[in-house]
Amino acid sequence: MSDSLTTIEDLAARIPDGAKLALAPDYSGCSMATIRALIARGVRDLHVVGVPSVGFQGDMLIGAGCVATLETAAVTLDEYGPAPRFTAAIKAGNLRIIDGTCPAIHSGLQAAEKGIPFMPVRGIVGSDLLTHRDDWTTGTDPFGEEDGPIVMVKAIRPDFTLIHAPLADRHGNAWIGVRREMMLMAHASRETLVTADEIYDGDLLADEKLAPGTIPGLYVSAVAEAKNGAWPVGLFGRYGGDDAHLRDYLERARTEEGFASYLDEFVHAPHAHKAAE
Amino acid sequence: MSQSFLPEELLIITVAEMLSGLRHVAVGAQSPIPGTAALLARAQSGGTLRVSMLGSETNSPFTDGGRELFDCAAQGRIDAFFLGGGQIDGQANINLVGIGDYPDTKVRFPGSFGSAYLYFLVPRVILFREEHTARVLVPKVDFISAPGVSEENTYRTGGPHALVTGRCVFDFDDAAKRFKLKSVHPGHTAEEVREHTGFDYDTPDHVPETPAPDAQTLTLLRGEVADAVTERYPSFAAKVFGAANAA
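These protein sequence lines map, in sequence, to chains A and B.
The first sequence lines up with residues 1 to 277 when you count with this note's numbering.
The second sequence lines up with residues 1 to 247 when you count with this note's numbering.
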């Protein structure tokens, strides 16, 4: 990455229609600020990969018509119950769903991380998931130590990973602490785009306490500052979710009209997607 | 003299008993009652039981991201886990995907999470579903997220141990590949369980009542354990223990 920061709008502009986009679950690092900017710019036909599941990011993108394909182990809003726009899109047949299971998604990304075409994974044999996946198959242990079937999943190579981190610096390094699914995502993806709550003044890799939890700038294409950029979901170690706002979202997102009113207020109104700041 | 308790408290205490003597229990997504049960079992164990709760900041030991739980399970480092199901059938198959002809499901559930893997690798998987109706407990699930039993040559070190519902506890009989009614909760009957269960299962001649919680356990649950679960499941903790503590 070049030594400069960019804007949230620029991050959104870098993700083209049809991109394969890896996103983290709500308890990890969600760049909701960029999700709003993506919806505002009207991105279409995304192939979203939940690593290993998606929450509000997925529900909003799906509701706004931005997603053609969703590859995930689950869509979950945790204590807030079923994801309303996801559920509606499945019912309407508007979304191609590629159902997976958490460790198979991690393993597919690990294969991409290592530059190999597939990865064996335990379990799954006898699950109907397997019968609906043309990118999963079964084989046997080539060394003959086990005689039963073992599932193999194809590498998952996202075009982009989009995450929100507590800290990033001007060298493109992003500190994610123990939330290392984001490290895996960055390693496996062609490009990683980062928003950060705070820009660290210096080099995160130069601090031996921070470096092990830092995604090196080697993997990161661009960083934008986004204070409270995970809002209205929380950010580990910093802030919790905005409960009242999320409840309001759920209430509105029960209907298409209600969801449209939510987007009008928090995404499409001038500067609305910067509401958190 | 038994104290009054909420149905959720009975379920928590019943599940916690199944965790007694274990080393390491993991708790997945959307599992407030099993999660609370694990924290209760930890408190009762004097701290020897390790609890790893997905999505928790204070009760997760993992430092290698989402994959670590699964790697841990494959190595045999996790003794118990919890799974639910939009549908569960008599062979302990679970469906977390949807009802109807996949992928055109009439009713869509959240998805399979880690079930298709952990069900194979965690020795004591406790199935938990509060709603006990013929709609949930079906003869055959519409979609197998994770199978209850496998062919003999399939690598499998784990599987179903029990099914806990709002009405009763079933044990899973590995040899018969069927559930067997173990106990019915206070206020419920074996006949009622039969009426609301869509799959066939075995029933002993005498069906005991699920033991009611004692005062000491309720105190522990409503104090230290309620505080601990609030970090991960604030709404649930407020609903159950807010109410229980006010009662």
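Worth flagging that the hints you see were computed from the coordinates, not collected in a lab.
These figures come from a predicted structure and were not determined experimentally.
For each residue, glycine too, the CB sits at the ideal point set by N, CA and C.
One thing to keep in mind: the hints can contain errors.
[Said to hold, decoys possible] Sample of chain B residues lacking proximity to chain A, with all beta carbon distances greater than 12 Å (derived):
no. : residue
1   : T63
2   : D79
3   : A190
[To be verified] Covered by chain A, according to a simulated footprint, are these stretches of chain B (three or more residues, beta-carbon under 8 Å):
no. : stretch
4   : 114-125
5   : 175-188
Taking the numbered hints from earlier one at a time, note which ones the structure violates and give those numbers from smallest to largest. 1, 5
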